[in-house]
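Peer 1: Residue numbers (this note's numbering), protein chains in the order written: chain S, 1 to 177; chain X, 1001 to 1191.
By construction, these hints were calculated from the structure, which means they are not laboratory data.
Each computed EDC-like pair below joins lysine to aspartate or glutamate, with the alpha-carbon atoms no more than 16 Å apart: (1) S/106 / X/1054; (2) S/106 / X/1055; (3) S/106 / X/1058.
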Amino acid sequence: MTDNTPSLWTLAINFAFISLFAIGGANAAVPEMHRLSVVVMQWMNDRQFADTFALAQMAPGPNVLIVTLIGYHVAGIAGGIVATAGMCGPACIFAFWFARVWDRFKHAKWRIVIAAALTPLSLGLVAASAYVVTRAAGQAPKALAITAATAVLAFTTRLNPLWLFAIAAALGLAGLV
Amino acid sequence: MSESVSNAPQPSAQTPTLAQILVSFSLISLYGFGGVLAWSRRIMVEERRWMTPEEFNDAYALCQFLPGPNIVNLSVVFGSRVRGATGAAMALAGLLLPPVVIVTVLGMLYASYGEVAAIGQALAAVAAAAAGLLIATVVKMAAPLLRDWRNPGLVVAAAAFAAVGPLGWPLPWVFAGLAPLSVALAWWVRR
Chain S
1 MTDNTPSLWT
11 LAINFAFISL
21 FAIGGANAAV
31 PEMHRLSVVV
41 MQWMNDRQFA
51 DTFALAQMAP
61 GPNVLIVTLI
71 GYHVAGIAGG
81 IVATAGMCGP
91 ACIFAFWFAR
101 VWDRFKHAKW
111 RIVIAAALTP
121 LSLGLVAASA
131 YVVTRAAGQA
141 PKALAITAAT
151 AVLAFTTRLN
161 PLWLFAIAAA
171 LGLAGLV
Chain X
1001 MSESVSNAPQ
1011 PSAQTPTLAQ
1021 ILVSFSLISL
1031 YGFGGVLAWS
1041 RRIMVEERRW
1051 MTPEEFNDAY
1061 ALCQFLPGPN
1071 IVNLSVVFGS
1081 RVRGATGAAM
1091 ALAGLLLPPV
1101 VIVTVLGMLY
1111 ASYGEVAAIG
1121 QALAAVAAAA
1131 AGLLIATVVK
1141 MAAPLLRDWR
1151 NPGLVVAAAA
1161 FAAVGPLGWP
1171 LPWVFAGLAP
1181 LSVALAWWVR
1191 R
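Generate the whole structure from the sequences, applying the supplied hints.
Peer 2: This is how it looks when you write it as structure tokens:
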């Protein structure tokens, strides 16, 4: 826990707001989560943010669980639950409502145009996430080498990501990073 | 409820019960290391045959289009289509509850042992690897767009990257600026 512990309300509202811009998945909103937690509120430092992202990726379940970890870090178990509810609640209610009207607009031109417009935006945001996470993980040559090697392996092979994490953890334990 | 039943996918073999929804979304979530999409497709389409591939693609397209975490939205859309609001709640509970418990335990361990030098080193290396994994995802996502270098979407993607990444601008402002531009470009291309 940090000195500037926010109220649970602050957590819920901030993550509900962020969820509105998570177009293309939770990873699109990682830079905004980083800006909120590290730059604006200073709940954690870069190192802790990178660790949090890594823990969320190592754990089973959807990527959105990074929010649970941030919430837990700042306000304990209640914080984790509230942050998760904030990130998922409004979005789920909207999805529930919108799924009912969706079929009506399946072939509407505006729907096709908006879907086509969101794809590149989402790509740019996830690319920004990769930038933010890489920078937070550290600029030491060894860390960058692991990042580059993992990127190449993940792109060229179909290895389960857990193996890549296990190899990286072993290298880290051996003191090579 | 009645509306969601009338929207229910017709060609699927059978309608799952609430308990089946809860259990299968828990499994999807627990199997899904580093992304849940592949497992949700495997279980819902290939194993249980609750959705046809076309229905799955359509539901996923809808969820990419909605704000919020994709797979969370997908669980709600699927649950509501087969079993109304209760089905949506079951799917959501199955998807989120088990991993939230696991990740909270990881958070506790991190709070206690994150400062231990060896753990810190291992985690730093995994953080670097996790960043690499995300880079690979970006490259895969970019491939269809890069096939046509005149695609105006590339400008939007590059601008979103620069503004939110290296420049560190707030996402809501960037979104407010780029979303209308991207819609205008997409409209212009398809006019």
